[in-house]
Amino acid sequence: MRIRFTKMQGAGNDFVVLDAVREPALARLLPGQLRRLGDRHFGVGADQILLVQAPTAEEAEEGIDFRYRIYNGSTGTEVEHCGNGARCFVRYVRDQGLAQRPVVRVATVNNRLELREEADGRVTVDMNTPRLDPQSLPFDASGLALHRPPGALPGYGLWRLPAGGTLARPIDCAVVSMGNPHAVLFPEAWSAEGSTDVDIDLDIDAAPVARLGPVLERHPRFPRQVNVGFVQPLDRGSMRLRVFERDAGETLACGTGACAAVVAGIALGRFDARVDVHTRGGLLTIAWQGRQSGAGASVFMTGPAETVFSGEISL
5 MRIRFTKMQG
15 AGNDFVVLDA
25 VREPALARLL
35 PGQLRRLGDR
45 HFGVGADQIL
55 LVQAPTAEEA
65 EEGIDFRYRI
75 YNGSTGTEVE
85 HCGNGARCFV
95 RYVRDQGLAQ
105 RPVVRVATVN
115 NRLELREEAD
125 GRVTVDMNTP
135 RLDPQSLPFD
145 ASGLALHRPP
155 GALPGYGLWR
165 LPAGGTLARP
175 IDCAVVSMGN
185 PHAVLFPEAW
195 SAEGSTDVDI
205 DLDIDAAPVA
215 RLGPVLERHP
225 RFPRQVNVGF
235 VQPLDRGSMR
245 LRVFERDAGE
255 TLACGTGACA
265 AVVAGIALGR
275 FDARVDVHTR
285 GGLLTIAWQG
295 RQSGAGASVF
305 MTGPAETVFS
315 GEISL
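Quick note: the sequence shown, position 256, residue 260 per my numbering, numbers continuous.
Simulated from the structure, these hints should not be mistaken for laboratory data. C-beta atoms are modelled at their ideal positions from N, C-alpha and C, and glycine is treated no differently. Accuracy of the hints is not assured; some may be wrong.
Estimated spans, in silico, between C-beta atoms of each pair [claimed, not checked]:
1) Pro224 - Asp99: 36 to 46 Å
2) Pro106 - Phe313: 22 to 32 Å
3) Gly49 - Arg6: 26 to 36 Å
4) Gly241 - Leu157: 43 to 53 Å
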């Protein structure tokens, strides 16, 4: 089977995009074939595989333009959300002539998103409403202590995971669902893990992402596993961020991870409503009016989306 694909990237998070609108058979690719596409040695190589599909009749009646399906490039399994992929999605459907309007509405496996191409070439995604309750991830908080810092939103705070198993010491984390699960660590949680240097909290490059990330990713309190974000606040309007993604390891950028980190920081009273997030792959701008408009406010993410190359591959 020979298929056409487009390789894209958003802030270094890279994707193989498949057009199942024009080639519906691509929607029937098996997990092994998707893993082959994502393989960086024997395939194209990508963090995620993105599938563009026509909406169902019911979705079209809702005003949905496309179905947006996302598969992990390492496992071939379908995942719930990918913000950087969403930006590449709208750039792809416009470049390919599948959509003419600058605003596109898509249906994911568990959500509805509005994507908009801006005049400066960047893309803004309405990432929908974050969920701050532990059950939404899901996260088992039974028996755990919740620390609420001054200025935190009512009922929100840092959950303390006790030492035990592969976790060498207690860790305080914030939890957020962006349609997929996220644990967010601030410097006081990760700095002592990384070094004895007293200035470690000023340098996220030394954060123990490779060591602590997989421990928390598969922690039993997260029954569906979790993406783990390591935050270095710079000021109330900017941060540096590294993310260890579920089943993928650390990536150059994670759009939902950036949204989760900003939402957690705003909910804890650490950031203002608009934050520039500096990832290893580039700059993302996240806006959330949760303190002003309530926790039901949407999160908006703006960032780059670029085509790298197109080609064909035999599977």
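List of violated hint numbers, smallest to largest
3, 4
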